[in-house]
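The primary structure of each chain is shown beneath.
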Amino acid sequence: MRYGMAIEVNKCVGCADCVVACQTENNVPIGYSRDWIMEKVTGKYPNLDLHFESQRCNHCIDTPCVRTCPTGASFVSDGGIVRVTHDECIGCGACIEACPYDARYFHPDGYVDKCTFCEHRVTEGLNPACVSVCPTDCMHFGDLDDPESAISKLIAARENFTILPEAGTAPQIFYLK
Amino acid sequence: MQNSRRKFLKISTLGATGAALTYPVVAKGISFFKNEEPLSDDKLTKVATVCEVCFWNCAGWVYKDEDNKIKKIIGNDIDPHSNGKLCPRGTGGLGMYTDEDRLKHPLIRVEKDGEQTFVEATWEEALDLVVKNMKKIDKKYGKESLALFYHGKTGPHFKHLFQYWGSDTNAKPASAQCLITREAGYIATYGAGLASPEPTDIRNTECLVLIGSHIGENMHNGHVQDVSDLIDRGGDIITVDPRFSTVAAHSSHWLPIKPSTDMALLLAWIHVLINEDLYDKEYVEKYTHGFDELKEHVQKYTPEWAQSITTIPAGDIYKTARVMGNASPKVIIHPGRHTAWYGDDTQRTRAMAILNAILGSWGRKGGFYFAEKFKLPKHPHPPVPKPKWTWRDISQGKHKLAFAGITNEIIDHALPEYKGEHKVKGMFFVATNPLQAVPDEEKIKKALHHLEFVVAVDTMPSEITGYADVVLPEATFLERLDDIRVSQHKSPNIALRYPAVEPKYNTKPGWWIAREIGIRLGLNDFYPWENFEEVLDWQLKQVGSSMEEMKEVGVKHFPRTKPMYINEDGSHYFNTNTGKIELVSTDFQEWGYDPLPVYKSHGEVPAGYLRLIYGRLPMHTFGRTLNNPNLNDLKSEPKLWVNPKNARIYGLENDQEVWLKNPKGKVSSFSIKVRITERIRHDSVFLPHGFGNKGRIVTADGELFEMSRTYGRGISDAEMITNVSIDPETGGTGLRNNFVAILTEKPTKKEVIS
Chain C
8 MRYGMAIEVN KCVGCADCVV ACQTENNVPI GYSRDWIMEK VTGKYPNLDL
58 HFESQRCNHC IDTPCVRTCP TGASFVSDGG IVRVTHDECI GCGACIEACP
108 YDARYFHPDG YVDKCTFCEH RVTEGLNPAC VSVCPTDCMH FGDLDDPESA
158 ISKLIAAREN FTILPEAGTA PQIFYLK
Chain U
113 MQNSRRKFLK ISTLGATGAA LTYPVVAKGI SFFKNEEPLS DDKLTKVATV
163 CEVCFWNCAG WVYKDEDNKI KKIIGNDIDP HSNGKLCPRG TGGLGMYTDE
213 DRLKHPLIRV EKDGEQTFVE ATWEEALDLV VKNMKKIDKK YGKESLALFY
263 HGKTGPHFKH LFQYWGSDTN AKPASAQCLI TREAGYIATY GAGLASPEPT
313 DIRNTECLVL IGSHIGENMH NGHVQDVSDL IDRGGDIITV DPRFSTVAAH
363 SSHWLPIKPS TDMALLLAWI HVLINEDLYD KEYVEKYTHG FDELKEHVQK
413 YTPEWAQSIT TIPAGDIYKT ARVMGNASPK VIIHPGRHTA WYGDDTQRTR
463 AMAILNAILG SWGRKGGFYF AEKFKLPKHP HPPVPKPKWT WRDISQGKHK
513 LAFAGITNEI IDHALPEYKG EHKVKGMFFV ATNPLQAVPD EEKIKKALHH
563 LEFVVAVDTM PSEITGYADV VLPEATFLER LDDIRVSQHK SPNIALRYPA
613 VEPKYNTKPG WWIAREIGIR LGLNDFYPWE NFEEVLDWQL KQVGSSMEEM
663 KEVGVKHFPR TKPMYINEDG SHYFNTNTGK IELVSTDFQE WGYDPLPVYK
713 SHGEVPAGYL RLIYGRLPMH TFGRTLNNPN LNDLKSEPKL WVNPKNARIY
763 GLENDQEVWL KNPKGKVSSF SIKVRITERI RHDSVFLPHG FGNKGRIVTA
813 DGELFEMSRT YGRGISDAEM ITNVSIDPET GGTGLRNNFV AILTEKPTKK
863 EVIS
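Line by line, the protein sequences give chains C and U.
With the working numbering applied, the first sequence corresponds to residues 8 to 184, in that order.
With the working numbering applied, the second sequence corresponds to residues 113 to 866, in that order.
Please note that the accuracy of each hint is not assured.
Said to hold, decoys possible - Calculated pairs, DSS-like style, for lysine-lysine (alpha carbon to alpha carbon, straight line, at most 30 Å):
1) U:K663 x U:K271
2) U:K806 x U:K224
3) U:K510 x U:K158
4) C:K47 x U:K785
5) U:K431 x C:K184
6) U:K510 x C:K51
7) U:K757 x C:K47
8) U:K751 x C:K47
9) U:K512 x U:K498
10) U:K498 x U:K477
11) U:K431 x C:K51
12) U:K271 x U:K653
13) U:K512 x U:K558
14) U:K785 x C:K51
15) U:K512 x U:K407
16) C:K184 x U:K442
17) U:K247 x U:K490
18) U:K265 x U:K512
19) U:K370 x U:K490
20) U:K252 x U:K271
21) U:K858 x U:K806
22) C:K47 x U:K431
23) U:K181 x U:K158
24) U:K271 x U:K247
25) U:K155 x U:K510
26) U:K370 x U:K442
27) U:K370 x C:K51
28) C:K184 x U:K751
29) U:K510 x C:K47
30) U:K558 x U:K778
31) U:K487 x U:K181
32) U:K265 x U:K555
33) U:K490 x U:K653
34) U:K216 x U:K663
35) U:K431 x U:K500
36) U:K557 x U:K500
37) C:K51 x U:K512
38) U:K674 x U:K602
39) U:K498 x U:K271
These are computed hints drawn from the structure, not numbers from a lab.
Note that this is a predicted model, so its numbers are computed, not measured.
Please model the entire structure based on the sequences and the hints provided.
This is how it looks when you write it as structure tokens:
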């Protein structure tokens, strides 16, 4: 079992519903966020391309964040979900520096916080909050290890890319063109 | 380190990134962890709601924990407006409730030491004062001289109050500033308007044409979802927009039109469809009136002619017309919303309606379906008194298709220079802020200055609250009951908004405020109930439902009684003079308007200026959402989109602070940061709507009411719009013949005042 996401950038409108849904679902304080939107524009008027990327922790296979954690607070949970045990975190910030995606932040309560793929929902058979709220239905969540899963089939069928593959962390969020 | 994310949409994550990285690591204790872990949905209770963050009014569920604290709001799966998925504004709707800048208690304007100021009042005092002044205006001028501007679900409570009392002088900015020209264009053509949600059968279409409609930036939820489905199905999307909008990027064809020339493109498309026999001949024969005249009329509007006007290559006009023709009748020229642009807007909408007609899409699968609305009986009340005059007497003489009150004309009647017999002397503003919603700020201020009594009912302080004599703080949609949402759709349905929590602070639901005023005016017979819930329960019981049931289901569907699509035997009757779809409008012939749409130039951009294009950001609706802590966190500050060519001319850099000035010399009150982007044409700038808030009240006790997160941030498009092009058919206000120059130096105070 390895959880991952496929995000169709040809449908995403960059509305940030995923951001606010994550914030309310996970009690993320105002002013902080576990996911965010990137707008990518190329070309010159009128020959232009534009897409949005809903970004978050890539729940990488190779996890520099976990490797650098001195206390073991950062760990890999079932299905490859990268998590932080808040009361074991000393807030040293090593993981924040190690993450190539800038996906972790200091929670004002003094620990490092990040996307959990909504593990509390996923274990109940629900989609993460960001996926389930998306009005354009551009986000898909599932088991990448299972070649028969909807998400595996989608990734296999479509041209796709990951963010900063050169970081060598084997990110598990795939953007479909 | 990938640092660039802060520059983009989640700008306010300044806290989440820059600030967070240096956030002091505080000592931890057990107490820090008490409320952090998300709760499973089965530990939460849910209450049915209908969202009020925009007019799409999606139905959903408010989830609360055991301390009765609102945790989240999620769409109702059986709601056709949302299909279980709210947009960012709906998801962040709880911020409307938690916003600490809300209006918290009634305020009344008093004079202290020769200065006007506000003091806190009890509801008794405030309502007594309202009624005293309503009676005073009645005695001096008649009840009709008290006018109402309203918006949203709280509006009807006050509209009814006014009508029960004897005034039908009312209007909403949602008409003249938004939809009236579109509705008029469709009524003139099909004998029926479109209303909301627009009955576009996008789920079954093969080709969707958007004229300046930026679906996806306007989060008209159901339509955003429908468009996404169309992308999945590989259908064509043709987007006409001078800006490379989000949906333009997702379209198969983007036509970057020169602003104000849409009519030329529409007429050229009609030309191609007719001359190349791509129109639906059978449908046109069966259902339309005036085809031969139309054919003759468009002969001169060739794509080559249109190219010289629109700057769109003729080849692209032919190509896109053929795409539409091949998809016919599964094609939709989307009517859009806010169609008040250039002052010939009913005519432009007519051209779009005519295109739909010759493509045979009206009443066809994949075109426009016939929406059906469930009939919920009205709670009985005594006969409503007949006013001596109404909004009709103000506008209908001037505009034959002004089928609703025209805000700006009601304001004209409140000006001292108005000498006629329909004077407006007092006004209520319910959930609407005319200073951002209605053009010509100076005129509105003048009217407000001369009105004898002004009441503002709202949840948030805005510009209008500062002009009120009495401010009545309303409970938010999460704390109040409103009318059942009876919506038109494929499946007729109703939805309940039930209060999820008690009203915060000393605020009250709109129905309560209206009823209390009504009782004080002696209208007891119109309010035989104590709680509005009794009214809803009575209505629901008439149709075999109940409050109890609706609280459980949130949304209830009813079977259709009429077909969803047109009968194919040609017997369909259209509610027009000819009983047909009027390609040539017989009403317009009679009334002296152009019976067929004609291209008229709207002039060029003056030298040294750029056209002001405004529009939405997906996480905000109007000024009122800008301060919502959750939504403000997504976008706290607008930026002025400038093409790199203009950036070079003006010597601009990204994030540079600039001011705007229009040809009439009006200078923006505040500054805005520049965003240099290829997504906007070289002859235009784009300004997100609703920012530049300058509403602020300080009471005699020093209590400050303002939208602190958004006050003074960005430039208000409404402030810069001083050239209003009136649509003759409806009185709609064309707002897009407006231009701005960019000022890189902070204007002096004198300039700002001018």
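Q. In ascending order, which of the hints set out earlier in this document are inconsistent with the structure?
A. 3, 6, 10, 19, 25, 29, 31, 35 and 37
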